[in-house]
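Chemist: My request is simple: use the sequences and hints to build the entire structure.
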Amino acid sequence: MKDEVRTLPKAYHDAIEHWQRHNFPDYPKLAEEWDRFFPKDEPFCLCAKIAEDIPNEIEVGDRKGQQKALAPKELPEEAAKHLLTAIKAQASTEFGSIQQHQGTLARAQEPQDHAWALRVMAEELRHGYQMVHLLTSADWSPVTDTKAADMVEEILSMQTGSHVLAAFNLEYDSFLDNVVFAAFIDRVGKYQLTMQKISAYKPYASSMPPMLREEAFHLAAGVIPLRRWVEAAARGDGYITISDIQKAIGKWFGRGLEMFGDERGGQTNVKYGLKDMANREAQDMYIDELQRMLDDLNERYVRARFAGVGRDEAEKRFTRIKAGETVDGVRPEDLLRLPDRRFFRRRGEFAYQMVGAHGEAFTDVEKYIAHVLANLPEAYRASIDVKHWADLQRKVTRGEMPLKEAINSMPRLARMGGGCPCAKSVRWVQESSAS
Amino acid sequence: MNELDIEGICRIDERITGRYRPDVWEQRTAYYLRRDPDSSQVAEIDGRVVGFMLGEVRGGEFGLEEPTGWVEFFGVDPSAREKGVGRRLIEALLGHFRSKGAHVARTMVASGDKEIASFIAAMGFVPAPVTALEKRL
Ligand SMILES: CC(C)(COP(=O)(O)OP(=O)(O)OC[C@H]1O[C@@H](n2cnc3c(N)ncnc32)[C@H](O)[C@@H]1OP(=O)(O)O)[C@@H](O)C(=O)NCCC(=O)NCCS
Ligand SMILES: [Fe+2]
Ligand SMILES: [Fe+2]
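Those protein sequence lines, which keep their order, are chains A and B. Just so we're aligned, residue 1242 is where the first sequence starts under our numbering, counting upward by one. Just so we're aligned, residue 13 is where the second sequence starts under our numbering, counting upward by one.
A portion of the hints provided could be inaccurate.
Unchecked claim - Which bits of chain B does chain A cover? Going by a derived footprint, with three or more residues having C-beta under 8 Å, they are:
(1) 13-20
(2) 24-35
(3) 45-55
Calculated from the structure, these hints are not laboratory results. Beta carbons are placed, not taken as given, at the ideal position from N, Cα and C, and that holds for glycine.
Modeler: In structure tokens:
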């Protein structure tokens, strides 16, 4: 059960390496840090990995039991279109997250945190490589007029601001974002990949297991630093407060939920055998899992606050605090909590409904905006993304803009001119194109 | 096993050894998760981790060239013992080793550790034709 390794044709391989030099200049450091932090591990390989032992028959949906497609033309046209959109979106997230990580990577305080984040980035590069392999090793002409080379060029020219999904268009404010992103956004990635393990398109299904194995480490690279930070915060000797983490959660959680697609949708993917769950079902599981993650962090925090008491007593106290009691000076609001799923939403069922972090309903738009701002990190509040959101929220609430238009509006860093991102010939423009 | 099982593993370790060592288990779980997350196993009862078994397939250790499934760290919560949890954990781990092409599993047991020795023997392990040697430095 070993994965088959594939390399892209030289032109595409070179294009990705070129992209790496511009967007991921710290990549060579990985080789320098590898032996210290991952001594027994096989060296990193920039390549596509194809799992064996993938079922030949479609596992879910209308065509269950029939042969999986080996080429796009063997899929129903609508299914192939959906799939192509999914692969392009997935590619955009892989390359996009590297651009985000790169901005604040060097600010990691601990060498191990740095090495872990660096490895996560390199593996995202490999995932992007895998998506490019899927786009270039098959004939997509039944569903698109765009040539493979142009699809790749389009993906490699995206910048933070012009990616497909909003979560990949937000800049990181500090290394805290590298970590919270791994814990929250890579976790959505895990769900998306897991759902697509059954893909009716066999080359895609075969791409999932190797990516998922890497994703398991990405989640650890998010959760483990968080575990240490909450403990340090509890002891009072850390640099990152619970409130800092809470606000970073406010920044990312809604964007993570929106990566599942509209709560009411996703049945088509199941029907076509491309995913085994519709959007809301997967999102519910994701929320439950995040709740367990926060319980884990909070329990560690409480235990560190009561250094003298044993585990069983600390667990009891945690249960009481979680239920709303203040115990020996530790208040419920000292713990991390997941915002309401309707809080600060811009897409999906709850887009632009004015629901607060604790589920409270707002009627006054200015009060709502103030509430959201109070729950976001300061550096992010000063971003164009937040201003753009607040403007849209005002317009939607006052009836000056249809909801649909607001949902489709993202501030975009549209590419003007040349194909090489080194030109950085981009400027902020507002587009109303749906993603 | 995944990253949200770390505290459950710490709890069992603490019940066995009396020591709370989150940093140690974070490093260990991160190691197994990045090498082969499908290998190491945890057992849950009512959503609570009651047992864990960490290991992986490696080749080339001690000059043993063949791919070997190493059973390295395990524990079952004292309140959940003698109910077959340890057996199910090791069966899952060995099953994974087999699927990765290993034809032999190995482990090391401290000679004074009768409990672990009995468990490992009950699981079908027999003394290997190698001798563990050491020298104090
Ligand atoms: C060893 C251990 C894993 C067994 O877990 P368990 O869930 O109780 O084991 P099971 O119920 O699956 O038992 C399986 C077999 O092992 C044998 N066994 C288990 N514990 C035993 C003991 N204390 N003495 C003798 N035999 C024992 C049983 O006979 C049983 O065989 P059977 O199924 O034929 O009756 C558990 O006792 C433990 O965690 N011990 C401490 C481990 C430790 O110190 N870990 C740290 C080092 S990494
Ligand atoms: Fe990825
Ligand atoms: Fe990832």
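Chemist: Next, verify each hint and record whether it holds.
Modeler: Outcome of the hint check:
Look at the stretch 13-20 of chain B against chain A: 5 of its residues bring a Cβ nearer than 8 Å to a Cβ of that chain, three or more, so the hint holds. Proximity of the stretch 24-35 of chain B to chain A, defined as three or more residues with a beta carbon under 8 Å from a beta carbon of that chain, is established by the 4 residues found. Residues of the stretch 45-55 of chain B lying with their CB closer than 8 Å to a CB of chain A number 6, which satisfies the three-residue condition for coverage.
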